[in-house]
Amino acid sequence: MPAQRKGPPPLHVHAPDRLDMDRLIGDPATRILLCCGSGGVGKTTTAAALGLRAAEQGRSVVVLTIDPARRLAQSMGLTELDNIPRRVEGIGEESGGELFAMMLDMKRTFDELVETHAEPERVEQILANPFYQSLSSSLAGTQEYMAMEKLGQLSEQARREGRWDLIVVDTPPSRNALDFLDAPHRLGSFLDGRFVRVLSAPARGAGRGLGRFVGAGLGIVGNIMHKIVGAQLLLEVSMFVQALDSIFGGFRERAERTYAMLQRPGTHFLVVAAPERDALREAAYFVDRLQQDSMPLAGLVLNRVVEPRVGSLGLEQAVAGAERLHVDGASHADLAAAGALRLHAERARTSARQERLSERFTSSHPSVAVARVPALADDVHDLEGLREISGYLAHGMPSAVDPG
Amino acid sequence: MPKPQQTPPLELDGVRLHVVSGKGGTGKSTVAGALAIALATGGGNVLLVEVEGRQGIAQLFDIPPLSYGEQRIAAAPGGGTVYGLAIDPEAAMLEYLEMFYNIKRGGAVLKRVGAVDFATTIAPGVRDVLLTGKTGEAARRKAGGRFVYDAVVVDAPPTGRIARFLTANHEAAELARVGPIKNQADTVMNVFRSGQTLVHLVTLLEEMPVQETVEGMQDLASQDLPMGAVVVNMSRPPMVSDEEEHDLALMDDAQFADSLRRADLEFIAEDPPALAGLRAEFEDYRTRRDLEEQERSKLLELHHPIIELPWVPEGVDLGTLYEMAELLGDQGAN
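Taken in order, these protein sequences are the chains called A and B. Counting in the numbering used here, the final residue of the first sequence is number 404, and the numbers go up one at a time with none missing. Counting in the numbering used here, the final residue of the second sequence is number 1334, and the numbers go up one at a time with none missing.
Be a bit skeptical, because a hint or two may be false.
[What the hints assert, rightly or not] What follows is a set of in silico ranges between Cβ atoms, one per label pair, in the way DEER data are often shown: (1) A:A352 - B:M1099: 39 to 45 Å; (2) B:A1254 - A:G7: 46 to 52 Å; (3) B:K1104 - A:D293: 36 to 42 Å; (4) B:E1293 - A:G314: 27 to 33 Å; (5) A:G26 - B:L1291: 33 to 39 Å; (6) B:G1053 - A:G314: 31 to 37 Å; (7) B:P1077 - A:Q133: 29 to 35 Å; (8) A:S95 - B:E1270: 44 to 50 Å; (9) B:R1236 - A:Y285: 25 to 31 Å.
[Stated by the list, open to error] If you want a taste of the chain A side facing chain B, the calculated C-beta under 7 Å gives, among others: (10) G39; (11) A333; (12) E346.
Since the hints were made in silico from the structure, they are not lab data. Backbone N, C-alpha and C define an ideal beta-carbon position, used for all residues, glycine too.
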């Protein structure tokens, strides 16, 4: 044997801090909790479970969900999308808390915005305009604007009526989680532009014909627009934009105020992910973005974590055991036991892979505290299921040797 | 893995445009990429189009980000070629203006006053009109009397928006009523509603994605849009046989412990909580399989072609993408 050679130092594996969920939701200074992350990682369930837990610990909570699974909505007694917070029955109210939940109705929220901000004689005209109808229900990003708007409204209502002291929000299931933050800015930069003025020019001069358009000092644009979309369509677009103009100012101001509210103390973001490559990559983008924008990040919720229920039996041991039993002429019992060992091996394998992925996340984001929720065999469909999840969110995963 | 089921086979004769949609997180980009390779297998040119500005094609095919323009991204087995196009709505709009209105310099003016930005990000539906218009154009494009692409595959917006995405041109035609916008919009709608187009929906065997698939199919049907296959993605093969499952459920603890001793796992056999843990893992597995079967039967009730693709534990890379393509081909997507 040669003299012992020095190799490279081993890599440090960072263990994340555990996210102290009860402290977060129990702190009266916590007023808004936003659950964000890519689609299909359990954002809505996380929001609902945290809302329930906070309510049962004595807080007055409203949960704003965007697009819940049917059974999850039913578990909170939500049967329709009506934009009104409904009291959730069946929660433990001994501690004096209460839980309300609502589903966002994007179109209704937009209509209400028009009703509140437009000049009364224009309301009907806007609501009936074909462009408005298309805009309010189909525009990519509208859901983000309206979720922000609704959050702002709930927050105002809470303050005015001294009602809810905690708002839990589930962000829209956009593919890009950052859309939620960017949508209000995008709208703002459009409204700052000259184009709103160009567009509303023909309608302003409608009585005097389209010649007024050219007179607006933006003749080339007017001509091109005229050529592309034709006079009638241009006039309709223009009437729509001008009618909306009156509410734009108010809307934009509100969007900016809501954005600023997100940066205030009392607001906390929870990034939700599953221990999979793509979901964790999205989560990392989101964490970086929040830090860049000085948005307060409470931590990462890792859903669907798989852990073996038998910690003492390793992956290789299980594989070897299954092979030993799975031989020609083996009894039914042995073959069945071999099957159980294969299931355990698969579970251990998945667990190890997830572990590696979450270690990688923590190495690059060591300051992010993590709450882990196990993968459950069944979808959540009642309050008991939400309570179970909230227990994991607060106390972590069950220990491996406990089969219950 | 594909099971012999009573679903109709996938008919692709005459289909030149494949629209791949699905709930977020179901892997529709992966399926779209694999489908492009499958369709190019054995020769031919296939264009893979992405419309959401995420550079998903580049990520999937492990190449640098695509600039606006069709470029060769991969070779398919048997001599075919896959081209990629990441449609940029702004560039598509300027191209559209030039193509249909012969407006060249005007485009820059429109851009300066924010009209292009308005049209591509704020104005309702315009973005979708541009994206689908460009896609339809690629599918129809001919050179020397022959189609340039034998097939076009679109990595489309998610299920919840797909019917609206594809009918944006119909709405545009309604709003415009006459003129070049209407003509162009009508042409695009004709491509979507003819036998040249199929919409494939990607799902997982989970409650939400299946629910969205069922609803998405209703939306498509109500808009006269042709539904192709339901692609069940990330499907996990059974880990134990039906017989083993049956026996395991009936076996008592003493028998189980005996078997574990024969497996040289004495220490587990002697440890009741560990024994119970193994059984609980089996129960978890059964619960999950039962739920998956429930969701699968909902899909079978739709009486549409079903294609299954397996779960890839480590995540899909370029190698597994080709394996997926082969599996798609085996199940009729070729």
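For each hint given before, does the structure comply? Return the numbers of the non-compliant ones in rising order.
1, 6, 7
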